[in-house]
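Colleague: Protein chains in written order, with the numbering used here: chain A, 9 to 284; chain B, 515 to 871.
Heads up, a few of these hints could be off.
As the list claims (entries may be wrong) - Residues from chain A shown here face chain B by an in silico Cβ test under 7 angstroms; the list is partial:
| # | residue |
| --- | --- |
| 1 | ILE106 |
| 2 | ASN112 |
| 3 | ALA114 |
| 4 | PRO121 |
| 5 | TYR264 |
Stated by the list, open to error - Distance condition first, Cα-Cα at most 25 angstroms in a straight line; then the derived DSS-like pairs of lysine-lysine:
| # | chain 1 | residue 1 | chain 2 | residue 2 |
| --- | --- | --- | --- | --- |
| 6 | A | LYS14 | B | LYS676 |
| 7 | A | LYS267 | A | LYS102 |
| 8 | B | LYS817 | B | LYS633 |
| 9 | A | LYS266 | B | LYS633 |
| 10 | A | LYS267 | B | LYS817 |
| 11 | B | LYS786 | A | LYS267 |
| 12 | B | LYS595 | B | LYS633 |
| 13 | B | LYS675 | B | LYS817 |
Just so you know, these hints were derived from the structure itself, not from any lab. Just so it is clear, CB atoms sit at the ideal spot from N, CA and C, and this is done for glycine as well.
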Amino acid sequence: MNRQVKAGMTILAVILFVAVFAPVLSPHDPYELGIPYQIPSSEHILGTNDVGQDILSELFYGARVSLTIGIVSALVVTVIGTTLGILAGYYGGKVDRIISQLTNVAMALPSLPLTIVLVAFMEANLRNLIIAICITSWTSTVRIVRSRVMQIRELPFVKLETTMGASSVYIMIRHILPNLGEIVFVRAVMEVANAMLTEASLSFLGLGVLGQKSWGSILHYAFYRNGIINGYYWWYLPPIFCISFSVLGFMLLGYYGKKDIKKKHKKNRKEKISYA
Amino acid sequence: MTFVTVTTGREIEGSFCGSFFERIQSVMKRGMIFQHLLTGIFTLICIITINFLLIRFMPGDPVMHIIGEDEYLRLETLNPKVLEEVRAEYGLDKPILSQYITYLKKTVQFDFGNSYRTKTPVLETVLFRMRWTLLLAVPSILLSALIGGSLGATAGYYSGKKLDTVLSPVLMVLSSIPTNCLAILCLLIFAFRLKWFPLGGITSGGLSGIAKGLDIVWHMLLPMTVMVLFRSASDYMLMKSTVEGIRKEEYITVAQGKGISDRKIVFHHVIKNALCPFITSLCMQFGNILAGSMMVEIVFSWKGMGTLIYDSVNTKDFPMLQTCFLFIGICIIVFNFLADVLNIVIDPRLRKEKINE
């Protein structure tokens with residue numbers, strides 16, 4: 009494991025810790041009203057917003073919504089993408105053609121506008137937001153998994169299993185899926201970052217989960233209620249920092265994790281050659 | 515996405531004995547292009563269908579979504595007969611299949627109806643707004659391709675050297691800041707604190723001729739800078755990792771061993787091979803051009819397509835949204851097709867049988 013991956017893991021651990029223990033860590037109730045526009049002090053470490061809510065507590069609770077949406081969307085997308093990818097890659101032929109065509113169409117859909125339209129016209133709750141994010145983002149996972157499965161399918165052990173009479177479902181679950189682990193993991197991590205970015209954009213536009221604190225929605229109020237014009241830096245800088253920081257964490261993990269895996273594969277291959 | 519070729523014995527023979535196999539190749543090339551064209555048309559039909567279904571399956575009376583809530587309420591109380599006429603015009607009293615055909619007809623005739631808000635034809639507004647988005651986005655995509663591409667190629671070729679170690683972490687951090695946040699930060703520093711640039715909008719108004727042009731450029735600079743920063747970061751990442759991969763290939767080592775200068779190697783061997791993924795990414799950026807600058811447009815209140823979509827969502831202006839959606843979809847499809855064709859033209863390996871890796 010290299011330095012960058014470790015840094016990414018540390019960032020994510022911090023955010024996860026904050027999200028889980030938000031009620032314990034928060035000095036105030038984030039929904040409690042108070043004196044507006046207070047500058048940072050010992051009472052309110054990051055000051056208060058336009059209705060006097062404590063911004064530090066808002067941030068802690070915001071981590072929950074942002075992370076939940078990020079992780080759940082990534083899980084859904086990864087499960088759908090991996091399943092379709094394995095089916096397309098393993099069976100090939102007609103199944104592959106149908107799934108590939110479906111992927112092509114989904115890739116041509118304008119993702120952010122479609123998500124915005126869906127969110128705007130469905131009730132803005134957590135579930136609908138996740139659905140809207142997932143609808144356009146499963147395509148790249150399918151593509152990557154499909155091509156990897158196509159390679160694995162040609163390996164001797166899969167052919168051996170087939171001749172021994174193992175069923176397709178058994179092979180796919182027991183032999184192909186475990187071999188995809190690392191690729192799927194990297195994709196899932198990148199997908200979390202993407203989903204969190206989309207969520208941040210949506211709530212920045214005021215289309216996030218109604219009545220729930222998220223980093224994007226804090227920024228929304230800071231921007232649209234003139235926090236920036238009036239120079240209330242404690243209001244808009246922290247959410248920007250939190251979003252960027254967590255996305256950076258996931259990106260470090262995904263980008264450098266991928267390199268790590270590649271190196272490992274090369275090493276394995278070399279070992280195999282030396283055995284032969 | 516890279517492609518691996520399967521070279522059979524016959525193809526190797528073919529490359530030696532001339533025109534016959536070349537002709538087969540060109541036919542295959544055309545066949546593949548035709549296939550991509552079919553995919554594009556199929557996708558277009560899907561987008562139109564989704565557009566159609568969006569209105570029909572939204573909660574509430576579809577007529578309300580077509581003429582708007584205010585108008586609907588007014589007509590319902592004052593003049594229910596007109597309401598029925600509208601219903602008949604869009605064929606909403608007929609079964610869904612004939613509704614679909616009516617919708618297709620209207621789409622082909624570029625009849626997208628009137629906006630709820632402005633009561634003017636939607637098409638006019640969309641085309642007008644599109645101009646401003648293109649003005650902002652086209653230069654920024656080209657500029658960042660140039661900056662990000664050349665820096666990325668250099669950093670990838672001299673991987674691990676000074677440029678790479680300094681630039682890579684900086685651009686990594688830069689690309690993890692969401693565009694709207696980056697835009698807000700720039701707005702804050704350069705427009706609000708330093709007052710170098712205006713706070714937003716396209717023009718200050720009351721100007722004409724060259725003065726107006728310069729004024730627009732002055733308004734354009736800051737949003738464009740944000741987009742260039744963001745896009746060059748991702749272009750850089752892509753180019754760098756591609757070039758790093760090519761750098762390890764044996765033919766580069768051979769070229770270096772022959773004593774060819776770095777410059778020649780980069781231009782003759784590296785760039786040529788790194789072009790395919792880069793062009794694909796550029797085409798995707800151009801495909802997304804209409805909606806891609808949405809966040810920046812909103813922050814800088816630049817009256818382009820992005821703000822139009824956002825305003826239409828807020829006012830539930832359905833005809834406007836549908837039309838924007840259609841245009842964005844068409845743009846993506848056209849550029850996807852272009853990317854496929856360009857890749858086939860550039861990379862001779864793709865003309866042969868391919869396995870998607």
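Colleague: Hint by hint, say whether it matches the structure.
Modeller: Hint check:
no.	hint	verdict
1	ILE106	violated, 12 angstroms
2	ASN112	holds, 5 angstroms
3	ALA114	violated, 9 angstroms
4	PRO121	holds, 5 angstroms
5	TYR264	violated, 9 angstroms
6	A/LYS14 with B/LYS676	holds, 23 angstroms
7	A/LYS267 with A/LYS102	violated, 34 angstroms
8	B/LYS817 with B/LYS633	holds, 18 angstroms
9	A/LYS266 with B/LYS633	violated, 53 angstroms
10	A/LYS267 with B/LYS817	violated, 42 angstroms
11	B/LYS786 with A/LYS267	holds, 24 angstroms
12	B/LYS595 with B/LYS633	holds, 20 angstroms
13	B/LYS675 with B/LYS817	violated, 43 angstroms
Hints 1, 3, 5, 7, 9, 10 and 13 from the list above are not met by this structure, while the remaining hints are.
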